[in-house]
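Undergrad: What follows is each chain in one-letter form.
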Amino acid sequence: MLEITELVKRYGDVQALDGCSLQVPPGHLVGLLGPNGAGKTTVMRTLFGLVVPDAGAVRWRGRPVDARTWRRFGYMPEERGLYPAMRVAEQIAYFGQLSGLTARDAAAAARRWMDRLGLAGRAGSRIDRLSHGNQQRVQLAVALVHDPDLLVLDEPFAGLDPIAVDALAALLHELCEAGTTVLFSSHQLDLVEHLCEDVVILDRGRVVLAGRLSELRAAAPRRRLEVALAGDAGDRWWERWSPALPGVEVTDGDARRVRLTADRSADLEKVLIEARSAGEVVRFDFEPPSLSEIFREAVRR
Amino acid sequence: MNDNVRDLLLVARREVTTRMRGTAFRLSTIVLLACTVAGIAIPAALIGHPHRFTVAVTAQAPSGVAAMAGAGAKAAGIRLEVRPAAGRAAAVRLVEQGEVTAAVAAGGETIWKARPDSALQPVLSAAIQEAVVTQRAASLGLSPGAAARLLAPVRIPVTQLHASTQRAGRVIVGEVGMILLYMAITFYGGFVLTGVVEEKSSRVVEVLLSRVPPPSLLGGKIAGIGLAGLAQFLAVLAAAAGTLLVTRPSGLPPGTYAAIPMLAVWFVLGYAFYSMLYGSLGSLASRTEDAQAAAGPVIIVLVAIYVAATMAVSSAGSAWVTVLSLLPPSAPIFMPLRTSLTDVPAWQVAAAVVLTLASVYGLFRVGGRLYSNAVLRTGARLHVTEAWHAGPPARP
Chain A
0 MLEITELVKR YGDVQALDGC SLQVPPGHLV GLLGPNGAGK TTVMRTLFGL VVPDAGAVRW
60 RGRPVDARTW RRFGYMPEER GLYPAMRVAE QIAYFGQLSG LTARDAAAAA RRWMDRLGLA
120 GRAGSRIDRL SHGNQQRVQL AVALVHDPDL LVLDEPFAGL DPIAVDALAA LLHELCEAGT
180 TVLFSSHQLD LVEHLCEDVV ILDRGRVVLA GRLSELRAAA PRRRLEVALA GDAGDRWWER
240 WSPALPGVEV TDGDARRVRL TADRSADLEK VLIEARSAGE VVRFDFEPPS LSEIFREAVR
300 R
Chain B
0 MNDNVRDLLL VARREVTTRM RGTAFRLSTI VLLACTVAGI AIPAALIGHP HRFTVAVTAQ
60 APSGVAAMAG AGAKAAGIRL EVRPAAGRAA AVRLVEQGEV TAAVAAGGET IWKARPDSAL
120 QPVLSAAIQE AVVTQRAASL GLSPGAAARL LAPVRIPVTQ LHASTQRAGR VIVGEVGMIL
180 LYMAITFYGG FVLTGVVEEK SSRVVEVLLS RVPPPSLLGG KIAGIGLAGL AQFLAVLAAA
240 AGTLLVTRPS GLPPGTYAAI PMLAVWFVLG YAFYSMLYGS LGSLASRTED AQAAAGPVII
300 VLVAIYVAAT MAVSSAGSAW VTVLSLLPPS APIFMPLRTS LTDVPAWQVA AAVVLTLASV
360 YGLFRVGGRL YSNAVLRTGA RLHVTEAWHA GPPARP
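Chains as they are written, first to last, in numbering that gives the first Met the number 0: chain A, 0 to 300; chain B, 0 to 395.
Chain A on its own, in the form it takes in the complex (with noise of 0.2 Å):
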């Protein structure tokens, strides 16, 4: 379990963790989710005591992190680099080693992940003649060489095609159910959601929400709703009814169609009976927010 507590981290004028908690339990994948400058690669460097947060603390299995434990995990920062005239294999052993392996065993699990990311006839290639998405691959060797008990990754998949992106988050889940836990930070939230099942969002330097995203989501303040017609109804058909109900607001629509968002207590009820005297009503769908509406909602400003 990595447990964050409180963490507050001011630069200058800019207040980067106001107060920030989160718990990441073990073997899970947790996606780290928040608008620019939220905090998220602050929080990330903090757990590797690359930020000295002015309060708050960082416990890794119930203890404070420290020099031994950061041996255990791996990072992946957001501004990728590697030594550019340094080989591939030589590389992904040197940073094995010090990360505590043995020459021998950095020299083994280098050339395990090479063939598990597809970078076996690159081993002696140096790292600034490789194509972006090889580099990237190395990039990830080198977080996961000592096959460390928490991976952090920020940004992971900033920059991967579709395939790439496919292959990481099916390596990503591969780890976790080996046991390994995952912290990762994303922008792309459509993946996140098919990716995950636990998401923290962060904000101004705090977390706004966190927990099961299918929970989230049953728990969210508003939701979703789509009422069709079987036939036309005129323009802005809805205009007629939706003013007077509170707590629902149309987002968009057309003459057999609109889409609203509803407060949890909206009377749902008179939405359907208006509906009705509108036409025929073949569809009314009602489903819970999709995680970038969870997301825009908890980072409203």
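None of these hints come from the bench; they were simulated from the model.
The structure displayed is predicted, hence computed values, not measured ones.
Take these hints with a grain of salt, some might be off.
[Said to hold, decoys possible] What follows is a list of derived Cβ distance ranges for each label pair:
(1) Ala54/A to Arg12/B: 37 to 47 Å
(2) Arg111/A to Arg5/B: 21 to 31 Å
(3) Met19/B to Ala169/A: 38 to 48 Å
(4) Arg103/A to Ala357/B: 35 to 45 Å
[Claimed, not checked] Far from chain A, some chain B residues (derived; all Cβ distances over 10 Å):
(5) Asp2
(6) Leu9
(7) Ser27
(8) Arg82
(9) Arg148
(10) Thr158
(11) Val204
(12) Ala258
(13) Gly295
(14) Ala345
(15) Ala349
(16) Leu362
C-beta: ideal position from N, C-alpha, C; glycine also.
Starting from the structure of chain A, add chain B where the hints point.
TA: Same frame as chain A, but now just chain B:
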């Protein structure tokens, strides 16, 4: 093994292998070695004397002159071979053909092809003088023992109020050492500077620091580059010593060979001092273009010290040279120069070493803090005070 030490050694080993594999290192080693050997051997061959001579002695030459010339040559550090000649005509022929450098004939006549050799001539003259005077002593009735006592060399005590012997040689040795030190410190300090900035600009530093604490990373880099540099520097010094031993140039001041290991010691100390400055100031820059500007103060200080050192050559005894040879920023250049030029009390050398070591430790503390604070900050070049106050080091 302590984890931090293990990290430092791993980082250092990568630096050593990376440097030694680099073309720049190999090429510069070859060029430096070639320059060193040529720089000593060519002047030695041009201005030095051949120290092997063959001299022909005719049967009519003053008796005993061959043995006396042999003894005199030995004392003068010259190898002399004597061969007999049948008569004056034969001796002249040998000289003419270049078989011998000179010949000694009846009455102590010396025969040269052209101008008498300045090293050989005094030896031959002294031997002839001695042989002729011994003959005269015998004809005056002195016993050989009495003659030997009469002719025994007079020991003349010499007192020099101001030691100025082989001044030119000492200046050359001192200046060559100074140039070598200045070049090596600038060269390898520059490697540390670019190494730090490259890690920062390629962003690999964040991946590194998630595993290795900043002092191990900076310390390992400095140690690794320093070892590669020391290997090259020692190779140059060994080449210099070897060439000196083979060519034996004349006028080599005493203590030249002792100065060579001292240069290695001062390289280590000077490099440690300046690489710490280069490394910590380099961490303030994010791009290679900013590196030179960030290290500007160090470069200015080093150049100023070098210029001052060239002026110190002519006034090695003055107080300001003594002061600068003791204080850390200038001691690595000034102290070896001063020891080459004058006799420096041992306690002053020891004091300079201790002060430099202490300042290296101080720089490691101060520079380590700057480095830790600055190395993860990208963007515009940081100011020293900004980095100092940027908060506590990333890791205790």
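Undergrad: Are the hints correct? Go through all of them and say.
TA: Against the structure, the hints:
1. Ala54/A to Arg12/B: 37 to 47 Å: holds, 39 Å
2. Arg111/A to Arg5/B: 21 to 31 Å: Cβ of Arg111/A to Cβ of Arg5/B: about 23 Å, so the range 21 to 31 Å holds.
3. Met19/B to Ala169/A: 38 to 48 Å: This hint holds: roughly 42 Å between Cβ atoms.
4. Arg103/A to Ala357/B: 35 to 45 Å: Holds: the Cβ-Cβ distance is about 41 Å, inside 35 to 45 Å.
5. Asp2: Contrary to the label, Asp2/B does not stay out of reach of chain A, its closest Cβ about 6 Å off (not over 10 Å).
6. Leu9: Nearest chain A Cβ is 5 Å from Leu9/B, so the label is violated.
7. Ser27: Ser27/B clear of chain A: closest Cβ-Cβ about 18 Å, beyond 10 Å.
8. Arg82: Non-interface label stands for Arg82/B: nearest chain A Cβ at 65 Å, farther than 10 Å.
9. Arg148: Holds, since 78 Å exceeds 10 Å.
10. Thr158: holds, 64 Å
11. Val204: For Val204/B, whose nearest Cβ neighbour in chain A is about 7 Å away, the distance does not exceed 10 Å, so it is violated.
12. Ala258: Non-interface label on Ala258/B holds, nearest chain A Cβ at 38 Å vs cutoff 10 Å.
13. Gly295: holds, 26 Å
14. Ala345: holds, 43 Å
15. Ala349: Per Cβ check, Ala349/B is outside 10 Å of chain A; nearest 38 Å; holds.
16. Leu362: holds, 23 Å
Going down the numbered hints, you'll see the structure goes against 5, 6, 11, while the others check out.
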